[in-house]
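Colleague: Start from chain G and add chain Y according to the hints.
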Amino acid sequence: MTQGQTVISVDGLSKVYRIGQKERAHDSLVAATFDFLLAPIRNYRKFASLYRFNDLETDASGTAVADMIWALRGVSFSVRQGEVLGIVGRNGAGKSTLLKILTRITPPTRGCVQIRGRVSSLLEVGTGFHQELTGRENVYLNGTILGMTKKEVDRKFDEIVDFAAIEKFLDTPVKRYSSGMAVRLAFAVAAHLEPEILIVDEVLAVGDAAFQKKCINKMQDVGRSGRTILFVSHNMPAVKMLCNRAILLNEGRLMMDGTPHDIVSSYMSSDVGVPAARQWDDPRTSPGGSVATLREVRVVGPAGRVVDTVDIRETVGLQMEYDVRVPGHILMPQFYVYNDEGLLLFGTVDREWQPHPRAVGRYRSTAWIPGNLLTAGTFYVSCALLSRSTDTSQFYEQQVIAFMVTDNMGEGTARGDWAGWMGGVVRPRLEWETSHNEGARKLHTVR
Amino acid sequence: MGVAGGGVAPMSAQPAEGPVTVIRPSSAFAWADVKELAQYRDLFYFLVRRDIKVLYAQTVLGFAWAILNPLIQIVIFTIIFGRVAGIDTDGFPYILFVTVAIVPWTYMSDAMVQSSQSLVTEQHMLGKVYFPRLIYPLTPTISKLLDFSIALLLVIAVLFHYQIAPTWNLLLLPFFIVWMVAIPAGVGMWFSALAVRFRDVKFAMQFAIRMLLYTAPILYTASPLPEKYRLLYSLNPLVGVVEGFRGCLLGGAFPWEYILPGLATTVLLFMSGVMYFRKMERVFADVV
Numbered sequence: 001m002t003q004g005q006t007v008i009s010v011d012g013l014s015k016v017y018r019i020g021q022k023e024r025a026h027d028s029l030v031a032a033t034f035d036f037l038l039a040p041i042r043n044y045r046k047f048a049s050l051y052r053f054n055d056l057e058t059d060a061s062g063t064a065v066a067d068m069i070w071a072l073r074g075v076s077f078s079v080r081q082g083e084v085l086g087i088v089g090r091n092g093a094g095k096s097t098l099l100k101i102l103t104r105i106t107p108p109t110r111g112c113v114q115i116r117g118r119v120s121s122l123l124e125v126g127t128g129f130h131q132e133l134t135g136r137e138n139v140y141l142n143g144t145i146l147g148m149t150k151k152e153v154d155r156k157f158d159e160i161v162d163f164a165a166i167e168k169f170l171d172t173p174v175k176r177y178s179s180g181m182a183v184r185l186a187f188a189v190a191a192h193l194e195p196e197i198l199i200v201d202e203v204l205a206v207g208d209a210a211f212q213k214k215c216i217n218k219m220q221d222v223g224r225s226g227r228t229i230l231f232v233s234h235n236m237p238a239v240k241m242l243c244n245r246a247i248l249l250n251e252g253r254l255m256m257d258g259t260p261h262d263i264v265s266s267y268m269s270s271d272v273g274v275p276a277a278r279q280w281d282d283p284r285t286s287p288g289g290s291v292a293t294l295r296e297v298r299v300v301g302p303a304g305r306v307v308d309t310v311d312i313r314e315t316v317g318l319q320m321e322y323d324v325r326v327p328g329h330i331l332m333p334q335f336y337v338y339n340d341e342g343l344l345l346f347g348t349v350d351r352e353w354q355p356h357p358r359a360v361g362r363y364r365s366t367a368w369i370p371g372n373l374l375t376a377g378t379f380y381v382s383c384a385l386l387s388r389s390t391d392t393s394q395f396y397e398q399q400v401i402a403f404m405v406t407d408n409m410g411e412g413t414a415r416g417d418w419a420g421w422m423g424g425v426v427r428p429r430l431e432w433e434t435s436h437n438e439g440a441r442k443l444h445t446v447r
Numbered sequence: 001m002g003v004a005g006g007g008v009a010p011m012s013a014q015p016a017e018g019p020v021t022v023i024r025p026s027s028a029f030a031w032a033d034v035k036e037l038a039q040y041r042d043l044f045y046f047l048v049r050r051d052i053k054v055l056y057a058q059t060v061l062g063f064a065w066a067i068l069n070p071l072i073q074i075v076i077f078t079i080i081f082g083r084v085a086g087i088d089t090d091g092f093p094y095i096l097f098v099t100v101a102i103v104p105w106t107y108m109s110d111a112m113v114q115s116s117q118s119l120v121t122e123q124h125m126l127g128k129v130y131f132p133r134l135i136y137p138l139t140p141t142i143s144k145l146l147d148f149s150i151a152l153l154l155v156i157a158v159l160f161h162y163q164i165a166p167t168w169n170l171l172l173l174p175f176f177i178v179w180m181v182a183i184p185a186g187v188g189m190w191f192s193a194l195a196v197r198f199r200d201v202k203f204a205m206q207f208a209i210r211m212l213l214y215t216a217p218i219l220y221t222a223s224p225l226p227e228k229y230r231l232l233y234s235l236n237p238l239v240g241v242v243e244g245f246r247g248c249l250l251g252g253a254f255p256w257e258y259i260l261p262g263l264a265t266t267v268l269l270f271m272s273g274v275m276y277f278r279k280m281e282r283v284f285a286d287v288v
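Protein chains in written order, with the numbering used here: chain G, 1 to 447; chain Y, 1 to 288.
None of these hints come from the bench; they were simulated from the model. Note that CB positions come from ideal geometry on N, CA and C, so glycine has one too. A couple of the hints might just be wrong.
To be verified - Below, computed lysine-lysine pairings styled on DSS-like, alpha-carbon distance capped at 25 Å:
1. G:Lys168 to G:Lys151
2. G:Lys168 to G:Lys218
3. G:Lys213 to G:Lys168
4. Y:Lys202 to G:Lys46
5. G:Lys240 to G:Lys213
6. G:Lys168 to G:Lys214
7. G:Lys175 to Y:Lys53
8. G:Lys150 to Y:Lys53
9. G:Lys214 to G:Lys240
10. G:Lys46 to Y:Lys279
11. G:Lys150 to G:Lys168
12. Y:Lys35 to G:Lys151
13. Y:Lys35 to Y:Lys279
14. G:Lys151 to G:Lys218
15. G:Lys151 to Y:Lys53
16. G:Lys168 to Y:Lys53
17. G:Lys218 to G:Lys240
18. Y:Lys279 to Y:Lys202
19. G:Lys150 to Y:Lys35
20. G:Lys218 to G:Lys150
21. G:Lys150 to G:Lys175
Stated by the list, open to error - DEER-style ranges, computed between Cβ atoms:
22. G:Leu345 to Y:Asp33: 46 to 52 Å
23. Y:Gly62 to G:Thr6: 34 to 40 Å
24. G:Arg351 to Y:Gly62: 45 to 51 Å
25. Y:Ala32 to G:Phe346: 52 to 58 Å
26. G:Gly12 to Y:Arg49: 42 to 48 Å
27. Y:Gly62 to G:Asn91: 44 to 50 Å
28. G:Ala39 to Y:Val287: 15 to 21 Å
29. G:Ile330 to Y:His161: 56 to 62 Å
Next comes chain G alone, as it looks inside the complex:
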């Protein structure tokens, strides 16, 4: 294949989904009974039409008409061979839907895609892994699921095991592995795919720092070898480092197409708008697992009310409200704070997690960031909840809320009355101690 040839051509791609409709409230027993009896007919109609959309012409503006929602609207772009394309956007912007269409997991509602070459996609690490199988067996299973042939897996088997560093445990069932080992193995298989076109969805957010570095290096190798890569991520530094082009999606539309630098800046600026608070009214669509679901997440000021801007001296609270449905789990709520370059400043975990199994109910957990720690600017917050008891993540909403910190010069700030530029990713107000030696010469004390 010649360099620069178009390998992916996306034209007017649109996708509609049906979401759950509000349950009708009944104001009389008779109505409720009728509704109950007619339920099978209603259910049949509902299920039969899950994938049919004859009423599409009525609303294309994007607001949910009855129970429909446009995940993608008229997206068009093309990708040349050898490009590493970053796909950036808020949660719900349509990135994963776009990938699912490109990988034929789901069909488009409108539009057309043409792809030249073999595609391998990585929407998740360890798809198909089964706990009862050994590491060796899972490598073959996962490898063939991802599209390799047995011969290919044979050829790369040693490299894969080496990359994951689990040689000793090859023939033990995966259910005995630590979660880190299983993840490394899964990623090792995925890292050795050799398709012409590779589509990757945020799988770099796994493992410890050393392993992540390995993964990023591997992605760079793949990019350098002339393969085409589509890369969806919230990890802005990774996007800037790995990609040579990027597109920005928002609410299903393609907003921008340009250099990674421009796209990242645009995404991070408040034009695209990440709110200071988000809530999920419908428990069925709120993020969560079997143990807990997230209902609201917000940035609050010292008084406890939602704010989107705080003074640099003020404490700012990150708050999540979640419903726990299964009792007896030890839960770890976490927040991660990023600056507007996408750098992770810190993560924080509720210390209370040791070891208090939670009862069922709604919880509100707040993490208070002291004043005079963050610098001025915009900050993006991810929130997550882990069940320590089963080692499962209940939800992980990336960069779901944001807030601004303003530094007006004044008393009690690190800046004091200095009007010049102050750099740094944090701006703590530290205690300084100065001593001087009143030695040989008497000095006028100057106050």
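Modeller: Below, chain Y alone, put in the same frame as chain G:
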């Protein structure tokens, strides 16, 4: 690979090189993409292996269950229908009569149930990775063959005990085995596609399997059935398979009037199953 819905727009200014996959909303009718299935045969193999290993993982008895399961059924049915009810079975001892039929029945019922649930059980994979969807319902029909083969040992043991000599009829056994596999494959394709949207299928299946046991001449012989009902009765493919197995293993004339109608039904079931499944498979990930 490519699903053509009308003319394919050529990619601009490119020399024609390499296979182009086109993804469009509407799918024209497509028969099974055998080429694609062949590409994924290694995956098929590993999925079958997985099913087999997982089934008996951490059990003490392991594969012995493949024999114990039908054996216990045979003992119970022999006591109830053979001794107590005293059902006449064309001159053969009851236990022989029922063993030869229970083994293919066990295979078919297990495979049908697992195949119908295959898409629902694996819905996670459905939404995360693409491989030919037909592999989902077809995997259980192959993995259950291992249990079937082990249970055949039981059949051989019983045949040996009653000193039934093999006849030329045995040559037809492979044909009946293929037919035996085609039935759960056809049922599985239909019902797995339906189960994705209508979970009722699971409950309907559980009920249907229990009833189906009595619709085929497994526990009883069909000879007393009056002639005018024979065609209707034989449209049930299970009848044909069971009579076929009996004919192969016990010798004697094949009752073709009981066998051939079921064959036609099976062919229809299988082909329509493939068509329906292929029609619906693109939306599985959306509606499961």
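Colleague: Tell me, which hint numbers fail for this structure?
Modeller: 23
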